[in-house]
Amino acid sequence: MDQPNSVFETVMSDTSKGSTQSKEKEKEFDSGHMSETKPGFTLSTESKEKVLSIGEPLTNSGQIDDYERLEGIRNRSQKLQIILTTWETQQTEERNLRKTYAKWLLIALFTQIVLINAAFFLIGFGFMVVERWVATIFIVAVFFEISALLLVIVNYLFPKVGSELIKLLEKV
Amino acid sequence: MSVSKGAVAAKLTREEIEKKAADILLAHNLYSIPVDLVAIANRNGVGIYNAKFSEDNISAMLSKRGDNVTMLVNQSDYSNRKRFSIAHELGHHFLHLFEDGEIIDTEVDLFRFESNTLDAGNEKRLREIQANQFAAALLMPSELVRKYFHETTSDLTALAQLFTVSEEAMGYRLNQLGLV
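Respectively, the protein sequence lines represent chains A and B. Counting in our numbering, the first sequence runs from 1 upward without gaps. Counting in our numbering, the second sequence runs from 1 upward without gaps.
These aren't lab readings, by the way, just hints derived from the structure by calculation. There's no promise every hint is true.
[As the list claims (entries may be wrong)] The calculated lysine-lysine pairs, modelled on DSSO-like cross-linking and capped at a C-alpha distance of 30 Å, are: (1) K50/A <-> K124/B; (2) K48/A <-> K147/B; (3) K147/B <-> K20/B.
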């Protein structure tokens with residue numbers, strides 16, 4: 001049998017020997033509930049190389065599932081983080097896109113209003129002569145155009161607050 | 001792969017292993033399901049720790065130095081696997097590891113049920129089979145399995161959940177007990 005390595009002497013051994021000195025620190029553990037020192041027992045050199053880190057002793061059967069539960073929580077947390085980050089990015093992108101659309105639609109609306117008003121006064125003061133039916137159609141068409149643009153803005157640029165995020169979170 | 005030092009495989013029949021497991025449960029007044037493995041281990045002086053191994057396929061490790069017996073189980077295994085690993089290592093503790101030494105078990109070792117011939121040439125293989133038989137008997141005591149088998153109308157999933165073992169392990173056990 002290989003000689004036990006002193007580094008692997010455990011808290012248990014230490015306690016039984018009346019010593020409370022902890023041994024050298026181990027590698028950084030990636031599990032939150034893992035202790036930072038080896039518990040007190042001895043392993044051969046060959047076996048020692050196979051052990052990267054050792055956690056706290058199990059004192060009841062419920063603790064057998066602890067790691068699985070922690071992993072589950074960690075996985076859910078990671079998924080949640082990914083969803084929230086993606087959702088935030090998507091929302092920002094969409095908002096920027098809507099802002100761009102809104103800007104150009106408002107410019108179009110303003111232009112339309114200026115044009116229709118200008119045409120109205122030009123026709124009214126006789127600077128511009130058109131057939132009555134042409135003027136009527138023009139004014140009514142622009143009115144519908146403005147209404148349609150407003151409809152687009154209200155419906156698509158300011159959609160109802162959706163439950164998409166909540167549905168996504170429910171899946172996690 | 002199974003590294004073992006200080007372990008010996010005794011000539012034991014399956015009935016003897018079953019009896020040994022049942023005696024341990026009865027001695028500790030733990031003949032009920034789900035079996036409290038940590039209590040059995042701790043009462044027999046075996047400390048159990050979650051551990052991270054350098055190889056993912058290592059399921060558990062048992063080390064004995066005098067009265068100091070320690071079991072390391074792979075922290076990333078799911079709970080049913082972990083429970084079986086603990087029961088398996090307890091099998092080594094009660095049946096094989098009488099001197100100072102250690103046993104390292106991998107996933108493969110936990111699936112050695114096929115051959116039950118005690119005159120098998122390979123002692124390591126025989127030891128793993130015995131440890132698995134012990135683990136099955138400890139986690140799924142025959143009397144309780146028979147009782148609940150009828151109560152659950154032979155529902156494998158329900159039985160596995162009752163005994164907190166995998167369906168695979170329960171399937172093996174039912175087959176071993178001649179219930180399916």
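Here's how the hints hold up against the structure:
| no. | hint | result |
| --- | --- | --- |
| 1 | K50/A <-> K124/B | holds, 20 Å |
| 2 | K48/A <-> K147/B | violated, 44 Å |
| 3 | K147/B <-> K20/B | holds, 20 Å |
Of the hints listed earlier, the one the structure fails to meet is number 2.
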